[in-house]
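Student: Chain by chain, the residues run as shown.
There are 2 protein chains.
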Amino acid sequence: MNTSFIDACFRKEVDHTPVWFMRQAGRYLPFYREIKGSKSVFELAKDPESVSELVSRTVMELGVDAAIVYSDIVLILEPAGINFTVKEHSGPVADKMITSPEDLDGLASYNPEEELGYVFEGIELSLEKLNYSVPLIGFSGGPFTLACYMIDGMKNRTMEKTRRFMHLYNKEWHRLMVFLSDMVLRFLKAQVKYGVSALQVFDSWAGLLSKQDYKEKVMPYTKNIFTSLPSNVPKIHFCENSSHLLEYFCELDADVLSVDWRTDISLVWEYSKQAKAAQGNLDPVIPTIGGEVMLNAVKRLLRDVAGHRGYIFNLGHGVLPETDPENLKTIVKLVHEQTRRRI
Amino acid sequence: MNTSFIDACFRKEVDHTPVWFMRQAGRYLPFYREIKGSKSVFELAKDPESVSELVSRTVMELGVDAAIVYSDIVLILEPAGINFTVKEHSGPVADKMITSPEDLDGLASYNPEEELGYVFEGIELSLEKLNYSVPLIGFSGGPFTLACYMIDGMKNRTMEKTRRFMHLYNKEWHRLMVFLSDMVLRFLKAQVKYGVSALQVFDSWAGLLSKQDYKEKVMPYTKNIFTSLPSNVPKIHFCENSSHLLEYFCELDADVLSVDWRTDISLVWEYSKQAKAAQGNLDPVIPTIGGEVMLNAVKRLLRDVAGHRGYIFNLGHGVLPETDPENLKTIVKLVHEQTRRRI
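Chains X and E are the protein sequences, given in the same order.
Residue numbers 1 to 343, in the numbering used here, belong to the letters of the first sequence in order.
Residue numbers 1 to 343, in the numbering used here, belong to the letters of the second sequence in order.
Simulated from the structure, these hints should not be mistaken for lab results.
All values reported here derive from a predicted model rather than from experimental measurement.
A portion of the hints provided could be inaccurate.
No distinction is drawn between identical chains; accordingly, a pair holds when it is met within one copy or between any pair of copies.
Claimed, not checked - Straight-line alpha carbon distances no greater than 27 Å define the calculated DSSO-like cross-link-like pairs of lysine-lysine that follow:
id: 1; residue 1: LYS273; residue 2: LYS211
id: 2; residue 1: LYS223; residue 2: LYS161
id: 3; residue 1: LYS161; residue 2: LYS299
id: 4; residue 1: LYS329; residue 2: LYS193
id: 5; residue 1: LYS161; residue 2: LYS329
Extracted from the complex, chain X is given alone in its bound form (with noise of 0.2 Å):
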């Protein structure tokens, strides 16, 4: 197995910087849109075969040293509850959004094993299909993240109906995030076991709120979450537009930290005291430009994290749907050759 992937997250010495790419398994491919064909979104994802297929030709096509499953972070709510419909533009919208304290008493508690194993099955198949060629991280949304879907109920610029339920419904507030934590860590550890060799929490919009909100409101049960983790699978922590929060995120229990286009990626090292490895964080609009512009940012963010151990090369958020994958190609090609030489 290419082991390059873990072997950063864990800081050792790697003959080459690994790469991969959030939504790496995305629409932006031709032969996503092949084996989605009619199904929805969630219908893919609800089919091991498909989905173990899409992750292992990604892998094949882009030449990452890293897979990641194929699913979508609202399906965890779906057994509890809440469901979603994708809408064209918007992602995810869920049906029914949580508006009172009194809607939390209908949220159940569930065994993930039992109600998501169409994951589980997908894990199996794709490492299969990958012959275990390279690491495949399993993942799910973080609490903060999670709650939006659920009191917002989609993505959008503020959150602000998740804010004021957090300010207003203080103690329901906790009760949601250890509800949320709970169901996380379950659905994190199940994935171990079912063969992921790496997790990432993607707590994307915790950004939203101040650093006191973050440490009160949230922290703690991010906090609960990879502690409660097995430490011998490396654990990364993913939050969008947060510089702010990094000296909170060094505090969690995260082998790497990943971060956007906005935070200045040597602060993961800094902060950390280079306790941490850091993961990012090329703006996805760039390999939709390509050319002269492309090569020349990735050259340098290369040099930018140049002589730091720990670093794994991706973009800042998720590849944009119009990114041609021939450039996703380009800079893989183009990292690993620009790092092996440094060995």
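Once you've looked at the hints, dock chain E against the given chain X.
Tutor: Frame of chain X, contents of chain E only:
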């Protein structure tokens, strides 16, 4: 005239902490809906009589220490050839977006005093109706934010089209920034000529950029705006979610940095070595809640800023439509009471 706001901007001693609210003359006010009647938002902004009524009644109603010109930041683009329609929920939407460098050829430079006469008439009438009791703040969008309205065409989470244009068409981007910063500068200078006592530049969305992109592609133009404005009028720079850019904002010739709840407000004084005043940064969700939650949050913020010279109380962003005006009145009274005691 109540000079507490101007004095605080210039970091002079004040007998109470001044308070005003971004978007204080907004649709959460019953008399806003009354004055607006069946007019569109733009029709309202272009009616000096209504505007001045709104501006002055807001000050009387809330008891704030400053008034702000009532307008919309996209209106500066209209005489340049970019028209907008206000849509429910999304705000102004460009009728036709800039998609290629050639589209810039259609942009027309113009004299704000001639083409935006309604703004200056509104300023004169507002000052009269306010009876010069409090300072009136003039404003403009910043160059990046105006470019977003032209290229992405409307408010969204990521401004991908704008960032793509910026990277793809380097030369034309700079041409656009020159055009916009020149228009902004002329517009702001004209507002001073007609009597405003302070200026605020809303480059609200520049926080979407990486440090490097902001520094190379936006900052030179913003810097030029601030250094070219008269020094006897205090100047405020506002940007959302932009902790990572704060050190650059400190280099602008602005007197005040207005930050949102995600930036630790004390960093303004720390990073600027006490050279700038700070404005902000209560989470706008808080006044939609009221009660103990609100009182505690306001007191906590006042404790955080206590002892710093050069502080203006404000929200981290505009007043939300679902805010009860009584809550803002309570905040004004509380801030005045709590800070008056300290002298």
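Student: If a hint holds in the structure, say so; if it doesn't, say that too.
Tutor: Cross-check of the supplied hints:
When the C-alpha separation of LYS273 and LYS211 is checked against a cutoff of 27 Å, the pair qualifies both within a copy, at 20 Å, and between copies, at 22 Å. Taking identical chains as interchangeable, the C-alpha atoms of LYS223 and LYS161 lie at most 27 Å apart only when both belong to the same chain, with a minimum of 24 Å there against 36 Å between chains. Taking the shortest alpha-carbon separations for LYS161 and LYS299, only the inter-copy value of 23 Å comes in at or below 27 Å, while the best intra-copy value is 41 Å. Taking identical chains as interchangeable, the C-alpha atoms of LYS329 and LYS193 are never at most 27 Å apart, the minima being 32 Å within one chain and 57 Å between chains.
Proximity of LYS161 to LYS329 under the C-alpha cut-off of 27 Å is restricted to the inter-copy arrangement: shortest distance 23 Å between copies versus 40 Å within a copy.
The earlier numbered hint that this structure contradicts is number 4, and it is the only one.
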